[in-house]
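*Asks:* Make the full structure from the sequences, and use the hints.
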Amino acid sequence: MLRSHFLLIILFCLPLIWLSACKDTTVNPGTGTTATSGVYIVNEGTYKQDNSTLTFFNPKTDSVYQDYFALANPGLRIGDTGNDIAVYNGKAYVVMNGSQTVEVFTCTTGKSLGRVVLPAGSSPRQVFVRNDTSAFVSNSNTNTVTEFNPSTLTIKRTINVGAAPEGVLVVGNTLLVANSTFGGYQPGPKCDSISVIDLSTGNHIALFYAGRNPVFVRYVKSTGRIYVLNLPIYPDSVGSALTELNPSTLAIERQWAVTGALDVAFDESAKTAYVVGSRGLFRIDLGSASANPALFVPLPAGTQGFYSVAVRPDNGDVYIGDARNFILPGQMFVYSRLGTKLKTLTTGISPGSVGFY
Amino acid sequence: MIFCFAPTCLCTAQTNPHGEPGKGDTTRIYTTPQVVVQAAHNPVSRAAESPQPLTVITRQAIMTLNAYDAGDALAYAPGVFVRQYGGLGGLRTVSLRGSSAQQSVVLIDGVRYQSTTEGAVDFSNIPAVSIERAEVLRGGNAAGFGANALGGVINIVTRRNLPSGSVSVSAAGSGGSFGTEELSGGLLLASGKTQADISVRYLNTDGDYPFDFNEFGHTSRITRTNADFNNLFARAALWIKPESSLDAGAAFQGFHSVRGAPGPAVQGNHESARARLDELDLFGTGSASVSSDQWSARVNATGRRNITHYTDPDLRLGNGQSVDNFYNRHEGSLDLRLQKVLDDNATLGISGDCYYTVLHGDNLDAGAPAIPKRLQAGLALNTQWNPGDILPGWETFVTAALRADYFSDIQAVPISPSLGFTVLIPSTTVRLRARAAGSYRAPSFVEKYYFNYGNAGLRPERSWCADAGATWQPDSALGIECSFFLTETRDHITAVPRSAVSWSAQNTARVNSHGFELGISGRVWSGLADITACYTFTRTVDISDPSSPWYSTSLPYSPEHLLNTAAGVRLWPSVRIGLTCSFTSGRYALPGARTPDLLPPYALTGANVDFRTHLAWLELGIRAQADNIFNTDYQVIKNYPMPGRSFRVTVSTTYTGSK
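Just so you know, the sequences run in chain order A and B.
For what it's worth, our numbering labels the leading residue of the first sequence as 10, then goes sequentially.
For what it's worth, our numbering labels the leading residue of the second sequence as 2, then goes sequentially.
Any given hint could be a false lead.
[Said to hold, decoys possible] Output of the computed footprint for chain B on chain A, the stretches with three or more beta carbons under 8 Å from beta carbons of chain B:
{"hint": "1", "segment": "47-59"}
{"hint": "2", "segment": "322-336"}
[What the hints assert, rightly or not] Just the calculated beta-carbon pair ranges, DEER-fashion:
{"hint": "3", "chain 1": "B", "residue 1": "A405", "chain 2": "A", "residue 2": "G348", "range": "42 to 52 Å"}
{"hint": "4", "chain 1": "A", "residue 1": "G99", "chain 2": "B", "residue 2": "P370", "range": "35 to 45 Å"}
{"hint": "5", "chain 1": "A", "residue 1": "D207", "chain 2": "B", "residue 2": "Q322", "range": "52 to 62 Å"}
[To be verified] Which bits of chain B does chain A cover? Going by a derived footprint, with three or more residues having C-beta under 8 Å, they are:
{"hint": "6", "segment": "89-103"}
{"hint": "7", "segment": "255-267"}
In case anyone wonders, no lab produced these hints; they're calculated from the structure.
We put the beta carbon where it would ideally sit given N, CA and C, even for glycine.
*Replies:* Here is the structure:
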């Protein structure tokens, strides 16, 4: 009886197993088949060479596609100097710094949905999607933040912030913007500050300081804290650190110095921060009161330095970008939470931001 | 088309040291690459016995090409690649034998013209009206010409020689596509012991040429904007010859140019769409020479002032305001050359020179001196001799030189040697030549001090080169030359990316450049047709590190094949129909020789009709020309579109009279 039931179960499950596998088939750009999950790597390219690309990686099938945006959209290229990516509701929003656009496409197919065209000279840097009708992109050259509708791809308003804005974050009805000054290259109003803006009015309600050259600002739900990463400043290349702030008071609660910090990513479930530093990738246990940055992945031999970091939300895998010489194709190393190297992906030039869906 | 190779040019030049035909003892003057006994103001021209390949682009050739500037003319010399960043208003630099723009010496009338600040010359600021001839000497020769002469030497000769009692007045005006208009004029007076010449040129172009651009999935025809160019140039010179053995003069030239400086066109954006460049340049020279049958001496002095103003309202840098930078440089030089005829077979020369540069500039790196300065001094010896009986019946010359330099801001004292020989095969017009030389280049102020790019610790580039070739004149109206060359450069200064958006000058590469040059020039069909053709094969590769992914890959913007031809047929005595064709092979925009970075090859064709007649004592000319007839869409430098088909009509008149 049990054996016959067992056989029935197998016979019943087989189609389900087969259908499940079909849903995660290898993506064939342009043919309509899709991948239900995947990884998009924004390769910045070489500045003003108009050679930014996307690398698409499907972890389930272990397939990697170079220049994926062009493959999925024949005749279309993504543009010049891709800087950031945000994934929201099945769509990806990629900031093209040189082309002054935010390119939008469907995650599962890579098909372009159009773009937000920003005013000439904006030099957009980072993007944050708040909801179906509101998203923000920082414009480093005009000291502004543009709010756009991510569904209609239309510009709603422009908000004045500080010098060379980079990271953008919305918490509640408040917009936080990191005014980096480009590490001292571009001083100006509200130097090295975090703008706090009431989205109802578009006005500053506070300005606070968490160190020089703030570039990334993130909110980690599991710790309930805001984090600001300060990068080194010109010309000394010193002073980089990760700062933890109380979201209610914006008071600095903790700060960790990481020499040569370049990028930061967070593992929500493990309450862990990963910071790219000059000696490799550092891990900070945010859940520990006495946490110190610990070297998680040292620089491999022959590597001049890591360039970017991202954490896959569903399993905590860590993606570490290596731009190599910023001219030839780069690499992305994939590590597990435990520090086991899982694979090395070849990417385009200067692998930067990563989007997961 | 009158391009000369060394033997032909020499025959003309050696007739007279002072421009009067048939006088002076020419048969036993032995020349060196550095100094010529006869006319020490021009160290390049008399280089028939020089083992270094020389191409001379005469004034007639420049006029036949209807060149706007020196860059237009230089393209027709073997080994030359003109890098153009857009239309008339775009930067124009020259690469010799795969070298960088900074790796060539540019002279005006034998004195150094390029600045320590950039190390390169923008040839769009040297109008054709001021050029008597352009001499291109290829291959490294720091021993003869000092720092920077890794790729070769370009000498722009402005001085013209007219018989005493002559006067020449010329004027020309042209109009063409994209709102281009040019007015130029010249006056040359030779009276007794004095010669004076004045030339002026005004050029203006809107630069709004259309080009195809693919963005966001569509190809559309758009117009290049902010590519206008307005240039006013003037030159005045006065030479006196109180005695046949004395020669002295002074020349002053200046230009004021205002132009748009658009950057690359990328998808969705034209970089630096509103950037502007305003430049005022004043350059004065004074020289004096004395000579006899046995020795000569010459002293040159120069002074230069250049004020450059660059603005980009869309780029914020430094103080958070939009870019608004001034660069003010003062330069001066003094050089002395002595030459002695030792005996019937040999000469010996010694020369010394010093240069001083001061730069007051914005946007310098944090570690740069507040006011960069450089004092450069050099001492050189040169000799040339005929070994005589080593090859009986073969006219042979051996040339050797040695130079040492000092730089106030560089911890090095480069020593540069050169050795070569030429042989004239008996009963022929075939001259063989071969040489080897060591050369160097001191880093420019831009490479050392420019904001976020400069590297104060740069070492000079060092190179060794070898060259062998031949010239042949099948008949008096036709010349053929060929050369094989090999150059290896160490500590090559390369722009190395430090991040995705910033680059830095570094001594990184070891570069090998080798190739072949072929040039043909002259008249055929009893002089009814003229032809100039030059082909260059150059392979310039990075050989720094065999384990590097860049090993043995081509350097950026180094096309392997270059072909330039110009031909004309005189259908009637007063009508000439001409055709120009050029081909540039593919080249890479970035190191690494990757397919995505490969720019496609392009071929350009032009045609012209020239009508000339005499009306009383005036020569009148009307010329109509079309360039890029097939409207080829091309880019010399990636993302800098070039103009398509264009038209131009020129009207000119010349009066030449004598007492």
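*Asks:* Are the hints correct? Go through all of them and say.
*Replies:* Quick rundown of the hints versus the structure:
Under a criterion of three residues with beta carbons nearer than 8 Å to beta carbons of chain B, the stated coverage of the segment 47-59 of chain A is upheld, 7 such residues being counted. Using a Cβ-Cβ cut-off of 8 Å, 4 residues of the segment 322-336 of chain A lie near chain B, which meets the minimum of three, so the contact claim holds. Hint check: A405/B to G348/A, Cβ distance near 58 Å, so the stated range 42 to 52 Å is violated. Between G99/A and P370/B the beta carbon distance is about 56 Å. The supplied range of 35 to 45 Å is therefore violated.
Evaluation of the 52 to 62 Å hint for D207/A and Q322/B yields a failure: the beta carbon distance comes to about 29 Å. Look at the segment 89-103 of chain B against chain A: 0 of its residues bring a Cβ nearer than 8 Å to a Cβ of that chain, fewer than three, so the hint is violated. For the segment 255-267 of chain B, the stated coverage by chain A holds: 3 residues have a C-beta nearer than 8 Å to a C-beta of that chain, and at least 3 were required.
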